[in-house]
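Visitor: Residues per chain, in single letters:
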Amino acid sequence: MNAHVDKVRSRGFAMRNRWQNMPPQVRWVALAALIIFLYLLPNRWFYINLWYFRTMESDMATVLFETSFFVLLAVGLNVVVGFAGLLDLGYFGFFAVGAYTVALLTSPESRFGVEWPWLAAVPVAIAVTMLSGVILGGPTLRLRGDYLAIVTLGFAEMIRLYAARNEGIANGQRGIPQIPHPVPEIKGSDGQPWFGVVDARPYYWLTLTIIIFVILGVRNLTRSRVGRAWVAIREDEDAAQIMGVPTFKYKLWAFAIGAAVGGLSGALFAGKQSFINSDSFQLTNSILVLAAVILGGAGNIYGAVIGAFITWYLPEWVRGIGGVIGLDINVAEYRILIFGAVLIVMMIFRPQGILPSRRRAAEFADRREAAAPTEASA
Amino acid sequence: MRQKLARAFGGIAIAALVFGGAACQAGDDDGDDGGSGSNAACGMKIGFFGALTGDAAGLGIHMRNGTKLAIDQYNKDNADCTAEIVEYDSQGDPAKAPALATQAVSDQKVIAIIGPAFSGESEVADPIFQSGNLPTITPSATRPSLSTKGWSVFHRGVGNDESQGPAAGRYIKNVLKAEKVYVVDDQSAYGAGLADEVKKVIGTPVGEDKVQVKQTNFSAVVTKIRNSGATALFYGGYYTEAGLLLKQLKGAGWQGTMIAGDGVNDANFITVAGQQNAEGTILTCPCAPATSAKGTFVTDYKAAFDNAEPGTYADVSYDITKIVLEGLKDGKATRADMLSWIKAYNKAGAATGVTYKFEGNGELDPTQVIVWAFKVQAGKVVPDVEIPKA
Amino acid sequence: MDFDGLLRDFPDLTTTGLEQGAIYALVALGYTLVYGVLRLINFAHSEVFMIGTVAALGTWQAMGYNQNSSVNGVGLTLLLLLVGVAAAVAASTLTAVAVERVAYRPLRRRNAPPLAFLITAIGASFVLFEAVGLFSDNLGIGGERGPFGMVRPFKPAELFSIGGWTITNTQLLTVLSAIGMLIALDLFVNRSRMGRGIRAVAQDPDTAALMGVNKDRVILLVFVLGGIMAGVAALLWNVTYAFSRFDVGFLIGLKAFSAAVLGGIGNLRGALAGGLLLGLVENYASGLFGGEWKDFTGFVVLIVLLMFRPTGLLGESLGRARA
Chain A
1 MNAHVDKVRS RGFAMRNRWQ NMPPQVRWVA LAALIIFLYL LPNRWFYINL WYFRTMESDM
61 ATVLFETSFF VLLAVGLNVV VGFAGLLDLG YFGFFAVGAY TVALLTSPES RFGVEWPWLA
121 AVPVAIAVTM LSGVILGGPT LRLRGDYLAI VTLGFAEMIR LYAARNEGIA NGQRGIPQIP
181 HPVPEIKGSD GQPWFGVVDA RPYYWLTLTI IIFVILGVRN LTRSRVGRAW VAIREDEDAA
241 QIMGVPTFKY KLWAFAIGAA VGGLSGALFA GKQSFINSDS FQLTNSILVL AAVILGGAGN
301 IYGAVIGAFI TWYLPEWVRG IGGVIGLDIN VAEYRILIFG AVLIVMMIFR PQGILPSRRR
361 AAEFADRREA AAPTEASA
Chain B
1 MRQKLARAFG GIAIAALVFG GAACQAGDDD GDDGGSGSNA ACGMKIGFFG ALTGDAAGLG
61 IHMRNGTKLA IDQYNKDNAD CTAEIVEYDS QGDPAKAPAL ATQAVSDQKV IAIIGPAFSG
121 ESEVADPIFQ SGNLPTITPS ATRPSLSTKG WSVFHRGVGN DESQGPAAGR YIKNVLKAEK
181 VYVVDDQSAY GAGLADEVKK VIGTPVGEDK VQVKQTNFSA VVTKIRNSGA TALFYGGYYT
241 EAGLLLKQLK GAGWQGTMIA GDGVNDANFI TVAGQQNAEG TILTCPCAPA TSAKGTFVTD
301 YKAAFDNAEP GTYADVSYDI TKIVLEGLKD GKATRADMLS WIKAYNKAGA ATGVTYKFEG
361 NGELDPTQVI VWAFKVQAGK VVPDVEIPKA
Chain C
1 MDFDGLLRDF PDLTTTGLEQ GAIYALVALG YTLVYGVLRL INFAHSEVFM IGTVAALGTW
61 QAMGYNQNSS VNGVGLTLLL LLVGVAAAVA ASTLTAVAVE RVAYRPLRRR NAPPLAFLIT
121 AIGASFVLFE AVGLFSDNLG IGGERGPFGM VRPFKPAELF SIGGWTITNT QLLTVLSAIG
181 MLIALDLFVN RSRMGRGIRA VAQDPDTAAL MGVNKDRVIL LVFVLGGIMA GVAALLWNVT
241 YAFSRFDVGF LIGLKAFSAA VLGGIGNLRG ALAGGLLLGL VENYASGLFG GEWKDFTGFV
301 VLIVLLMFRP TGLLGESLGR ARA
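Chains as they are written, first to last, in the numbering used here: chain A, 1 to 378; chain B, 1 to 390; chain C, 1 to 323.
Chain A with its partners taken away, still in its complex shape:
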C-alpha cells in the first residue's frame, strides 16, 4: 500500500517538475490557450462541440458563472486558510456582507432608499467587507487553531441570526429583491442591456476577468514579504514572532484580503441574482467553500481553483449526464453528503489536496515520516 502511494506521489512530483522545466515560451502559450478557451467556453457554438464534457441539462453559461464566482471565493479563502493557515469557518459571511452592502445601496426596495448604480456600490462593498474582516479578526486572531474556527463559525451564525429578523435593515428571510444589474448603460446588439436577466455570459466574463486579476494580485503577494511572513506564521507562529515577524498584523492582512475577495464575489453575485436574503449566510455554504479549498490543495492558488471547479461544476455535470442516460440523479442534493465523505477521505489519504503547494506537501511528508515508526508497528 505504501509503496503504491509513494509511486503515485513521485509521479505527481515528476509531472510537476516537467512542467516547471519547460521553456517559458511553451508555458506562456499554454496558459494563453487556456485563458482563451475559458473565455470562449460559455458560447453555445463553442461548447456544443465539447462532446459530453458540457452540462447537458442546466444552462452551461449559468453553471459556468456560478462556478466562476465559487472559484473566486475559493481563491479568497485560500489566502486565509491556505496561506496564513487560519481556519475560518465563517467565510461565506464576507460574501453575504458584500452582497448585502450592494443590495442596500442599490435596490429600490432597501430601507436606505439611496439607489446607487451597481458599479458605484461595488467599491463600497469591498471596503465594508474589508472593514468587517478587520473587526472580526481583531479580537479573534489571538486565538489558536480550533478556537479560532469555532469563533469564526459563531460570528457567522450570529450575523445570520441577526440578519434573519425581518424588522432590521436586512429584511430577514424575505431579503432584498430588485438589485439592479451591473452597468445597464452598456447595451447589447438588440438594444437591451448587455447585463440582462437571461444571458449569463457577460457576468461570467466579468467574473473571469476579475479572477485573473485577483490571482495575479495574490500570487504577487505570496512572493513578497507578506507571503513569506504567512509561511513563517503557518509553520511556527512562536518562532516567527521571536524572529521579529509582526504576526498579528499579517494575520489581519490575510483576513482583510480574504474578506475583500469574498465581498467582491458577493457583489458580483448580487448583481446577477438581483436578490439576497439571510439564507445566504448559512453555514453549509462556508463549509462548501472550505471543502473546495482543502480538496484542491490549500496554499496553492490553482489548487483552490480546481477544487472549486470540482465542487460546483461536477454535480451539475453529473445531473446532466444522468439526464442523458435517463436516470434522474440529482447529485446536487447529495452534494453536502458527498463532500463530507470527500473531506474525510482526503484528510486520510491526501491531506495536502489535489494540487498541493510544494511547501505544504513537504510539511505533510515530514509529519508522516515522524509518525513512521508507530505506523510500522501498527
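Treat the hints with care, since some could be wrong.
To be verified - Partial chain C-side listing against chain B, Cβ under 7 Å, derived: (1) N68; (2) N72; (3) G73; (4) G149; (5) D204; (6) R245; (7) S286; (8) K294.
Source of the hints: derived by calculation from the structure; they are not laboratory data. Idealized CB from N, CA, C, for every residue including glycine.
Guided by the hints, dock chains B and C onto chain A, whose structure is given.
Guide: Frame of chain A, contents of chains B and C only:
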C-alpha cells in the same frame, strides 16, 4: 533548444487546429418549432412555480396536480397540438426562486407561469418575470403588496390577505369570541403580512412574538403564550412550523385554539402536529373547499392522482391553467398575446365557479372573493363555514 | 426590553431553562471528555446525539407506537423508556466509535496536523446528518428532511407547584438524570482504574504510554463514554420535546460546546455547570429580548467566553490545566 522550440510550435499548431475546427463548425441552434398551420399554438409550455419538495410541499403538490390535470385533459382533447407542463420546484424558498425564474424566462417556449405559489418567492421572482414579460397567474400567493409594485405580468386567482386576514379576525371575534388572542408570525412575506391584517381587526393582542421559517424549538414562545392566558393563538405562516408549535403548546398543557391561514391549510399539518393536538384548529382560506368543487373536478382529480382528495387551491390552479389553455387554443403563441388574453378574460371557472376577471393591478374582481373557515376534525381538514364579508 | 415579561415568566423560564440546560450538559460531557484527552473538538458529536434521538424513535415506531398512539399504564411507560434509552445509548455509542475508527484513528496514525482533524470532524458531521436527512423517508420515520414525530412515553404533567413555581415531570426527570449521570461519570473517572488511565492520557499521552497505558483503548473508552452521555441526552430530548429532525444536532451541539467551554473545557463538573447556566441565560435573554434572540444569545456567550476566558468558569482540568 531546437527540440523545445519545435515542441512549442507543435503545441500552438494543435491548439490552432482545435479552435479552428470548433469555430468553423456552426453550432446547432435550437430551431424554433413554432406552431405553424392550425390556429392553436402548439408545443408551448406552461410552468408551475412552487414548493414541490420541502417543508411546504403539501401545498404546492396539490396546486401542481390541478395544473397537470387541466393540461392532461387539454392534451387528450387536442392530441395534435399539445401543451406541456414544466415544474419549477422552488421549495417555497425565496433564495431558490431567482435561478428558477431566470430559467423560465430564458425558455422561450414557456408562455405563462402558474404561480409562484408563495408570497415570499413572488416578491423575488415576479420582477424577473416582469423583465421577461412572462405572464403569471398565482393560485395562492396572498400578500396584498404584490399587486402594488406595478407588475403588468402579475395576476392573482384568489382574494388576498386584505380579505383573508380580517375574515380570520372576524371569526376569532364573533365565532370563537376569544378575549385574549396571541399572535405569532414566521417573519415571511406571507406570514407577517397576514398577521398584520388580523391584528387590524382584533385590536391589540394579549401578546405577539416572531419565529423563523425552519425553526423547530419553540419553547420560549410556548412559555410566553401559556403565561399570557391566551385562549386563542393566531399563527401567520406555513404548516410545518405551525404543527410543531401547536404540538409543543399542547405538550406544555395549553388548552386554547389555534387559528391559522391558508399556508397551514393542508393535511400535512395534522401529520406534523399529531392528530390529537391538531383537533379543533381553525384554518382559513380565500377559497371555497376544493372537495366541493363543481363539475367533474373532484372525481377527475381522484382518478388522476391515486384517489387523493384535492387539497387547498387545487381547483383554483385547475381553473387558472384553463385560462392559459384557452388562450393557447385561441392561437395566442407569444407572451405578449397571452398577457392581453389574460387581462381581457371574463368567464367562470369550471371547478370553482368563480368568474375570473382581473383588475388593472392584477387582483381578482373583488365581488368574486370569498373566504372560508375550515376545521380540523377527527384527523381531517373539513369545511366549517363561509366567513361573511364584514 | 420586556422586563415585565421576564419577571412574570421568571419561574417558567428558570425551570424550562434548567431542563434544556441539563440536556446541553449531558452532550457537553461528550465534548469535554474528547477535548480533554485528544485536544480535538469532536464536531461529529452533535450528530451522535441526533442519531440517538432517531434510534429511540425508530425503535418505538418499530414496536408500533407513533405520535398518534396513546400510552396508558405505568408498565408501558417504563418499557418505552427502557427500550428508548437502550436504543439511543447503543446507537449513539456505535456512531461515536465508528467516527473514531473511520475518521480519527487513521489521522492519528499519520500524525496529521490539528487542522486535518477538525476538517475530518466537519466532514463526518456532514455525512451523518445528510444521510439521516436524505434517507429518513426510506427509513419510514418521516419525510425527507422533515420533522419526525414520535410517541410520548408519558404525558408531560405538572408534578407540584411551590408558590408560583411549577415543576413538571419531564423537567424533574431531565435534571435529575443529568446530575445522576454526571456523578456516575465523575466517580468513574476519578475512582476507577480505567478512569485513571483517562486522566493519565489527558495529562501526557506519551508518558502514559510509557507507563503502560494503552492509548488506543483509552481513546476508545472516552468516545464510548461520550456516546453514552449523548444517548441519555437523546432520550431525555425525545421525552421532553417529542420531535426530532436531521438538523437538530447542529444547534444543540454548538450550544453544548459553548457550555463545555463555559464551564471549563476538559472539566466534567464544569460541563454540568456550564450547561445549566447556558440554558438559564438563553431563556432569560429570550424572555427579555424576544424569542428570536435565543440562539443569538447562545453564540454571544460562546464568543465572549472564548475571547476573554477560554479556560472557563471552573478551569480546565481533565488531567490538569493545560497552557
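Visitor: If a hint holds in the structure, say so; if it doesn't, say that too.
Guide: Hint-by-hint comparison with the structure:
no. : hint : verdict
1   : N68  : 5 Å, holds
2   : N72  : 14 Å, violated
3   : G73  : 18 Å, violated
4   : G149 : 6 Å, holds
5   : D204 : 41 Å, violated
6   : R245 : 6 Å, holds
7   : S286 : 4 Å, holds
8   : K294 : 5 Å, holds
Comparing the model with each numbered hint stated earlier shows that hints 2, 3, 5 do not hold.
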